[in-house]
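**Q** Got chain A; can you put chain B on it based on the hints?
Chains A and B, in that order, give the protein sequences. Start counting the first sequence at 2; every next residue gets the next number (my numbering). Start counting the second sequence at 2; every next residue gets the next number (my numbering).
What the hints contain is simulated information worked out from the structure, not anything from laboratory work. Honestly, I wouldn't trust all of these hints.
Pairs involving identical chains hold if they fit within one copy or between any two copies, as the list cannot separate such chains.
[Unchecked claim] Restricting the straight-line Cα-Cα distance to at most 30 Å, the calculated cross-link-like pairs of lysine-lysine (DSSO-like) are:
(1) K329 <-> K272
(2) K134 <-> K108
(3) K183 <-> K304
(4) K455 <-> K89
(5) K276 <-> K89
(6) K324 <-> K134
(7) K124 <-> K89
(8) K455 <-> K276
(9) K272 <-> K49
(10) K475 <-> K324
(11) K124 <-> K461
(12) K276 <-> K304
(13) K304 <-> K461
(14) K455 <-> K272
(15) K124 <-> K272
Number of protein chains: 2
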Amino acid sequence: MEHWLTKRALLTPEQTALELADGQRLSFRVLRERALSFAEHLARLDIKQQVAILSHNSVDMVVALWACTYLQTPVVFLNTKLTNAEWKKQCEDAHVSTIITSELLRKQAESLPVVVVTFAMVKELSALPGTVKETMKEEAICSMMFTSGTTGRAKAVQHSYGNHWASAIASVLNLGLTTDDKWLACLPLFHIGGLSILFKSVIYGMPVYLLERFDEEQVHQAIMHQRVTMISVVALTCARLLERLGDEQYPETFRCMLLGGGSAPEPLLKKAEQKQVPVIQTYGMTETSSQVVTLHETEALRKLGSAGKPLFSASLQIRDGHKALPAKQVGEIAVQGPMITPGYYQADASNQAVFHDGWFYTGDLGFLDEEGFLFVVDRRSDLIISGGENVYPAEIEAVLLAFAGVVEAGVTGRTDAKWGKVPVAYVVVSDPAITENALQAHCEQQLATFKVPKQIFFRKHLPRNATKKLQRYKLQ
Amino acid sequence: MEHWLTKRALLTPEQTALELADGQRLSFRVLRERALSFAEHLARLDIKQQVAILSHNSVDMVVALWACTYLQTPVVFLNTKLTNAEWKKQCEDAHVSTIITSELLRKQAESLPVVVVTFAMVKELSALPGTVKETMKEEAICSMMFTSGTTGRAKAVQHSYGNHWASAIASVLNLGLTTDDKWLACLPLFHIGGLSILFKSVIYGMPVYLLERFDEEQVHQAIMHQRVTMISVVALTCARLLERLGDEQYPETFRCMLLGGGSAPEPLLKKAEQKQVPVIQTYGMTETSSQVVTLHETEALRKLGSAGKPLFSASLQIRDGHKALPAKQVGEIAVQGPMITPGYYQADASNQAVFHDGWFYTGDLGFLDEEGFLFVVDRRSDLIISGGENVYPAEIEAVLLAFAGVVEAGVTGRTDAKWGKVPVAYVVVSDPAITENALQAHCEQQLATFKVPKQIFFRKHLPRNATKKLQRYKLQ
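So that you can see chain A by itself, here it is in the shape it has in the complex (with noise of 0.2 Å):
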């Protein structure tokens, strides 16, 4: 297949690519020129393995993911709010040579083993003319980003092109297309969830409107006056948005809400409703690279609480080990299609936990109705998800038990107005001198803020079942 970008470039190259909060479009044939400049400096570094990038949103960010894709090279996307151990274990874990970031974050990532340049650097290497490949392989590996599961250990999750061109597809399917579309990214473009929108602008030939961060009152004024007509969000900035809104109403060109990242309360899709905010609820994760199941807004009252039905090329089963279950009962969501990552990065063990006969089994329990809707009765119980952010118990559990005298630890969601959940940890000791603060200091420089538990309870011991495996179903 011919480079998407350089295609996009072909069919609509004046059509805006990129819209910032401070006026500045980028057209896709700019966007091009300047991802290929880019490439031909980067491959001056003439990398070998894995490039990461670390970046909040910018042009910066989207110029060089491009650039990688023109030369081949996967891209890892670290999460800007975890610690340098974290980071570090990634790079070791992904076998990155070299990390592309920002002025801003360059400080911190100069303390990992590996090449660090930040994205102006990178422009004033000398190119390295005709290094770029304008084709692409449906199964090359694109991108990567880290996922804990339930071992505690982060695993790369891998995304091939024709993952994303599958996700985008599917997608459009589903929403429509059309030429007043302008998708408005807030989300990081180190989550899938923001990534997937940089892929279906340059496929769809339709300008993304790119925000740093999440700022409540810039996208509320984006909406209301710059003609964004979709946006992808996850429960809590949703829930900011409505209450922004008060009693405004978004103009009629507004047409759709994404709303992912974990199940939405009821509550605020009432609210949604009684706003007339076209809110589409979705399931995904990145191994399914976004959306996979979503539910229409016309919908959404009539199957409250649903996750809606799988995307066309997407297919769903509730099974029970490798048998399919009849409506109504519970057991764990498998998916297929076309969008399905091809695999966690040389993790053997793990693909073979997850994959069956060509389905992917999520860990989620879920059960369908008669007419097919999916509702998530549980994430996988070890997932807590926090502000839109996948926080592992295990993960956490392993850095308490780091602590001389921490004997058995074990984490688990409190339910947050604020985050939807916060990780609390119960912990058994045999040093009664030791204090919540001391293990809430240690594991500040060991975790990211959003995985530092909020609160840590003392306990003479932990539920434990026959085999003694920790129950964390039981600890609140």
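**A** Chain B alone, transformed into the frame defined by chain A:
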């Protein structure tokens, strides 16, 4: 992949799939039920080879097509305008063992040496449950249609499910999709331009307004009053619609008149512009599963005479042999992409002649301008497009030469105000008693009416080159 109609009936069961001029409507749920039922009855015939459908546009024809996909039986589409002799040849070549037809065409079909059943007869057969398969394989053959090419012997173009999928996706990325879309089908479904609408309908979840044939008044009324938003036309029907429109204006919701089947005369495009009719020109053929290049209406006048740019996922080069030519140089149009046929059915020599290194050589001549717009200079010199139907001189010449006393024959296209082009013949005879009428009567027995030469000229010799090859372009 899940069967598209099954998936669609799961996603939007009550959405309208087919709408008829008499007000009848079928939902996707009902269409699926009817197709499954028809399939179970048809399975009773235990068809080992190909099935052909011979019909004017009708709900039965649509149901029969989808039934065959549920049985994973490729469908050969027969052109209703052909003669029995032509059908017979095509049934032989495509190994058709069974024809499904309408009551109207039954008598004619029954002269052929195959099993002939009407739609009604199939429904009378006892059902054979457990025979349908609700999955699809991308590479499996879905449909076949005949096209003649240079040899005069018609060849069956095969379309895989992947071809139809890729065509529908490439089109949606170009034309967009809204929940209000409704596509009027008045082109015969046995042509790719008509058939492709059915796949779009199911993949997009979009109603088709189905007409038995092109009827100027019916189409006009449907656009004016039935909320039709898109229609596929050829130059001839486009002209008649603009004529009928007079000083009226189509509703604003009507957003696309997709013009295919040969290039459009400039006065027609100017007239469309004047009347603010959104004509979108396309270039494509049976082998490309319909449009593969399109010109957006916004470019229609700036790029008058151009067919546009290759759709997303399709690539196009102007080639001289296997060498790509630069802009502005005329050469053979070669295309590549997932919508290109895997090849003609059991025709190795033909396939070797048109495929090279993944590129399909169309036989048409053209050039690209510096912006990448395609200009088709000449359809295959041997191709006459008459009212949207392809007419191949070699086929007519073979029929003329079979008449005792005809020594040489050459056929070419003459410009015609109504049909675009019509075939005219030049013959050398050894028997001076042969008349034009006698030859035309002979042709009428062998050839569809649109292929019968409108005029036959008697000559002493025909223009030939040094190797005695007929120079058709010198005939007139």
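**Q** So, for every hint listed, does it hold in this structure?
**A** The hints, checked one at a time:
For the identical chains of this complex, K329 and K272 are intra-copy neighbours only, at 28 Å inside a copy versus 59 Å across copies, given an alpha-carbon limit of 30 Å. For a Cα distance limit of 30 Å, the shortest separation of K134 from K108 qualifies neither inside one copy, at 32 Å, nor across copies, at 59 Å. In this assembly of identical chains, the alpha carbons of K183 and K304 lie at most 30 Å apart whether taken from the same copy (28 Å) or from different copies (27 Å). With identical chains, the CA atoms of K455 and K89 are at most 30 Å apart within one copy only, with a shortest distance of 25 Å there and 80 Å across copies.
Proximity of K276 and K89 under a CA criterion of 30 Å is satisfied in neither setting, with 45 Å inside one chain copy and 64 Å between copies. Taking the closest pair of Cα atoms, K324 and K134 come within 30 Å of each other only across two copies (19 Å); inside a single copy the shortest separation is 44 Å, beyond that limit. Taking the shortest alpha-carbon separations for K124 and K89, only the intra-copy value of 25 Å comes in at or below 30 Å, while the best inter-copy value is 68 Å. When the C-alpha separation of K455 and K276 is checked against a cutoff of 30 Å, the pair qualifies neither within a copy, at 33 Å, nor between copies, at 67 Å.
For the homomeric pair K272 and K49, neither the shortest alpha-carbon distance inside one copy (51 Å) nor that between copies (59 Å) is at most 30 Å. With identical chains, the CA atoms of K475 and K324 are at most 30 Å apart within one copy only, with a shortest distance of 29 Å there and 70 Å across copies. Taking the shortest Cα distances, K124 and K461 never come within 30 Å of each other, neither inside one copy (58 Å) nor across copies (74 Å). In the homo-oligomer, the alpha carbons of K276 and K304 lie at most 30 Å apart inside one protomer (18 Å), although the nearest pairing across protomers, at 46 Å, exceeds that limit.
When the C-alpha separation of K304 and K461 is checked against a cutoff of 30 Å, the pair qualifies neither within a copy, at 44 Å, nor between copies, at 80 Å. In this homomeric assembly, K455 and K272 come within 30 Å of each other (Cα to Cα) only inside a single copy, at 29 Å, whereas the closest approach across copies is 70 Å. In this homomeric assembly, K124 and K272 never come within 30 Å of each other (Cα to Cα): the closest approach is 48 Å inside a single copy and 51 Å across copies.
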